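Asker: Sequence:
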Amino acid sequence: MSLVQTTDCHLFYANHELVTHAGSRNPATILQRDLRFSRRIRDAYSKSLEKRGSKMAVKEIGARAGTDEEDPSATVNYDFGDDLDGAVELFGADVIYSRFAAAATVDLQALIRRHLKGENPKSEKEIQVLVSEWKPGTSTRVRKTPQQKAQEAVEALSDDEKAALLESLMG
Numbered sequence: 206m207s208l209v210q211t212t213d214c215h216l217f218y219a220n221h222e223l224v225t226h227a228g229s230r231n232p233a234t235i236l237q238r239d240l241r242f243s244r245r246i247r248d249a250y251s252k253s254l255e256k257r258g259s260k261m262a263v264k265e266i267g268a269r270a271g272t273d274e275e276d277p278s279a280t281v282n283y284d285f286g287d288d289l290d291g292a293v294e295l296f297g298a299d300v301i302y303s304r305f306a307a308a309a310t311v312d313l314q315a316l317i318r319r320h321l322k323g324e325n326p327k328s329e330k331e332i333q334v335l336v337s338e339w340k341p342g343t344s345t346r347v348r349k350t351p352q353q354k355a356q357e358a359v360e361a362l363s364d365d366e367k368a369a370l371l372e373s374l375m376g
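For any residue, its number in the working numbering is found by taking its place in the sequence shown, counting from 1, and adding 205.
Just so you know, these hints were derived from the structure itself, not from any lab.
In silico DSSO-like pairs for lysine-lysine, Cα to Cα no more than 27 angstroms straight-line:
| # | residue 1 | residue 2 |
| --- | --- | --- |
| 1 | Lys367 | Lys354 |
| 2 | Lys330 | Lys349 |
| 3 | Lys330 | Lys340 |
| 4 | Lys354 | Lys327 |
| 5 | Lys367 | Lys349 |
| 6 | Lys340 | Lys327 |
Derived Cβ-Cβ restraints for the label pairs, each shown as a range:
| # | residue 1 | residue 2 | range |
| --- | --- | --- | --- |
| 7 | Leu370 | Glu265 | 38 to 46 angstroms |
| 8 | Asp290 | Lys330 | 34 to 42 angstroms |
| 9 | Phe285 | Thr310 | 17 to 25 angstroms |
| 10 | Glu357 | Ile301 | 36 to 44 angstroms |
| 11 | Glu366 | Lys340 | 37 to 45 angstroms |
None of the values given here were measured: they were computed from a predicted structure.
Note that beta-carbon positions come from the ideal geometry of N, C-alpha and C, so glycine has one too.
All chains, full assembly: derive it from the sequences and hints.
Answerer: Written out as structure tokens, the structure is:
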């Protein structure tokens with residue numbers, strides 16, 4: 206369940222339905238089954254925030270349950286805040302730090318894995334040097350050229366497959 210929190214309004218996405226609760230203890234409920242704010246609701250909500258001096262930083266987030274075009278998909282709206290201060294106000298510093306640390310850990314693990322294997326695997330000490338210079342959010346991945354990718358693909362072929370490929374290329 207995702208939560209967008211403002212001064213007097215909470216928006217929950219639950220079971221593919223949008224439920225809006227006004228700030229009172231006896232909330233009115235509006236269900237919207239297509240997982241999108243209607244333009245009227247979004248505009249009214251945005252205007253109410255503007256009156257209070259808040260901005261709505263809603264982003265559309267989409268996902269597909271597979272890779273085929275026919276697989277089910279959904280797009281939802283979620284307020285992450287306008288910037289770091291807005292996110293801290295919405296979710297709290299502990300949540301923001303926790304999410305940052307989790308994402309940075311995954312990125313750092315990917316860096317370590319990249320250097321453990323490949324053409325020139327590095328030792329733990331060499332990797333530690335790289336990690337000491339690493340900064341979250343930056344990429345140190347060296348991209349292969351199309352020629353390098355093609356060469357690796359050809360090297361992976363059997364002799365018969367190489368001969369067939371050469372014959373097809375020679376026309």
